[in-house]
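S.K.: One letter stands for each residue in the lines below.
Protein chains: 2
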Amino acid sequence: MSEQIKIVLTDDEMPKQWYNIQADLPQPLPPPVTKDGTPIGPDALAPVFPMNLIEQEVSTQRWIDIPEPVLDILKIWRPSPLCRALRLEKALNTPAKIYYKNEGVSPAGSHKANTAVPQAYYNKIFGIKRLTSETGAGQWGSSIAMACKLIGLECKVYMVRISFDQKPFRKMMMNTWGAECIASPSNQTNTGRQILAQDPNTPGSLAIAISEAIEDAVTSKDTRYCLGSVLNHVLMHQTIIGLETKKQFAKINVTPDVVIGCCGGGSNFAGMAFPFISDKMNGKDIRIIGVEPEACPTLTRGPYVYDSGDVAMMTPLLAMHSLGHAFVPEPIHAGGLRYHGMAPLVSHVLRYGLIEATAVPQLECYKSAVLFAQTEGFIPAPETSHAIAQAIREANRAREEGKERVILINWSGHGLMDLSGYQAYFDGKLHDYAMAQADLDLSLSKIKDLPKPPAKVG
Amino acid sequence: MSEQIKIVLTDDEMPKQWYNIQADLPQPLPPPVTKDGTPIGPDALAPVFPMNLIEQEVSTQRWIDIPEPVLDILKIWRPSPLCRALRLEKALNTPAKIYYKNEGVSPAGSHKANTAVPQAYYNKIFGIKRLTSETGAGQWGSSIAMACKLIGLECKVYMVRISFDQKPFRKMMMNTWGAECIASPSNQTNTGRQILAQDPNTPGSLAIAISEAIEDAVTSKDTRYCLGSVLNHVLMHQTIIGLETKKQFAKINVTPDVVIGCCGGGSNFAGMAFPFISDKMNGKDIRIIGVEPEACPTLTRGPYVYDSGDVAMMTPLLAMHSLGHAFVPEPIHAGGLRYHGMAPLVSHVLRYGLIEATAVPQLECYKSAVLFAQTEGFIPAPETSHAIAQAIREANRAREEGKERVILINWSGHGLMDLSGYQAYFDGKLHDYAMAQADLDLSLSKIKDLPKPPAKVG
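Residue numbers (this note's numbering), protein chains in the order written: chain A, 1 to 458; chain B, 1 to 458.
Watch out, some of these pointers could steer you wrong.
No distinction is drawn between identical chains; accordingly, a pair holds when it is met within one copy or between any pair of copies.
Claimed, not checked - The calculated BS3-like cross-link candidates involving lysine-lysine, where the alpha carbons are at most 25 Å apart (straight line), are:
(1) LYS90 <-> LYS129
(2) LYS124 <-> LYS221
(3) LYS90 <-> LYS124
(4) LYS280 <-> LYS456
(5) LYS403 <-> LYS246
Simulated from the structure, these hints should not be mistaken for laboratory data.
Turn these sequences into a full structure, and let the hints guide you.
M.R.: Shown next, in the form of structure tokens:
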């Protein structure tokens, strides 16, 4: 077993530019539109986001320089290691080689910090003093809290009440980094007050928290809103993951045959996948698989539509796979994957056949996560376990087919803040949730009158 | 700021041998003795530990090969990064250069895994099937749980009841790695049953948990006991930290002027310090500082005596600095530093002037930890915050003296499982505990009849 296990890069070898897949799409992304179908230009977003990030959102420039102050912060934990999961391979008795890119090494424990730092930076140099955002399970909230402190911004995070109550450690993390974290719905916004008046005991939802954070941003001085996934610039910031991975594979003269990432809003998957899609468009034979929960099967069962990012329809309509913005996913532990929509860019590349999508059930994910922890040591986040489950399926198939494939997992974060899910699994309290067709039909009926995205071209 | 921040090593550059300071001591370590002062030989320890580890315990061979299967597991997260704390330096406005060795990258989040893996390995090849141990805050318990699963041993951890109740996530970690973790005192040992009969609501103590784990080991088939600090072989396994650090500094042509580690049982401190003590004995000008809590000032206020490792006096007497085995430290959050004794090797090198010792109060530690988290991102464990507090004192002194010193911190682990301590700090609920002289005198009076260690020679 004395093979090389870990491929590391030095600070100097860290990528200095992000990859913008919008430069290479077979067809351009349909624009965001209003409810009557009118395309929305950059200016309409200015009350919500700073113009320098809006410019990134719509840019078609292939490579965008990472600002030096951003590199200086990312270097604290990046480049992240690429590791061979030799012990997992042995347990699976597979001829496949499994590698995982460990994004759990960041201070907040996940890939989210990769975009939190540049988002805080661009707001800072635009003159913004304060950021608002929302968080569900807390990975994004803690990352943006840290980034704001390191960059020098105030930060307020609206955390879905049920998570706020269940995961008090996430709030403590945010407090440690100097951010304010309050339960949503709160009595500090009109949206929150209205919802509390109707139902004082509501558990809250991500959609409500988004509405509160946006309302706070657009009504407060020197304040903007920020989002941890879905948008084009967010996905682009994550491409540092895939770019590093390609450098690491080049060092050992290996190329992956299968690239796997979990898919919630799409940023973790895209961060690894997009630099490899670029190779695929250039003719390389590679499979790129986005993995979602069966309880929230956006890519595999949701249609490609124009839909809103939140239940109150405060955001523009985006062309994406969606389960309908009124859809409330079952309470699976992978809170980061409980989102009705999917990043427009991820939806677009699926439409053009550049990626595949699959859905896995919760119990298979926990079984896979436990096998990973018991062979490789690291305990994965519930979100990450979806990528691991699919990698194990692929490794088993490689064994059946007798093929020595190279399988790459984007290991999005550790599960040390999510251990209660593991305990519930061991205690036999978890079960699978497959989405009922009637629920999907009902949810989709609520968006049937929205404008339709343009037909696929080419 | 675009300087190199992180110095990484490849798998191949990881040290292949441990450094055994017993080869280089100015005088040999006094032997363990019985209560009547009779030296204890290796055979007496055989019911508790496997003979291959007992041989390491008494070895005076300078370099000991790390077995290849151990290296293969350590490589999953080692070599750990050495990082420059540039942003902390800037916040302190100091000319000092501060580096920290990040041991928080292990799957269980601390340096403890460095000895958990070899201890499990040596027991395994000796034919042992099952290990027992105790844990206070849970860092050691989770590390030995992981190591046993990766090596292939059963594992049972007796966790001090108050911690068991306060830190349910630690138990969940151990369960995820397949270990059994029960609250101590338990009804599964004679010691536990006796104590529960006297006081069913006792919060437990490390001393009780040690007694239970040893009793379980010596009365069960194919079972041995293991300990996460204090003993010579445990400290030696940790020297991989300092050996790696020296390689990393050599790459950038830097040598530290001040080496700092926190001191509980002594293994974290020794792991970094001993390879540098070797340089100091060869004439290098370097200060090496062990940092302990004011609430448990073993090195700074405890006499050098023969004392027992546990309250029930089940262990042999060790020559060490001790506050008396009956001493119960105040409930500071740095649970890993709440131990009445100190590793005999650490006590010995202090006696011969090769290291310094200092004690810091709890609030200064939290203040320092928060500054670290808000500048460098990573949230330190409460134990680690003691080393950080002392490093900040040294950095401030460097500023006052106008000296560009290089300060090295052994950053023993992250604090993601210890966030409630931070919250209590922010909520103003913490305070300092300086040990009262009367308490110390009382505790020491209970060991005044024990044999005395030999006088210092040379």
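S.K.: Now tell me if each hint is right for this structure.
M.R.: Each hint tested on the structure:
1. LYS90 <-> LYS129: Answer is between; shortest inter-copy Cα gap is 21 Å, intra-copy 52 Å.
2. LYS124 <-> LYS221: within (14 Å within a copy, 64 Å between copies)
3. LYS90 <-> LYS124: Answer is between; shortest inter-copy Cα gap is 19 Å, intra-copy 48 Å.
4. LYS280 <-> LYS456: Answer is within; shortest intra-copy Cα gap is 20 Å, inter-copy 72 Å.
5. LYS403 <-> LYS246: within (22 Å within a copy, 43 Å between copies)
Violated hints are absent here; each numbered hint is respected by the structure.
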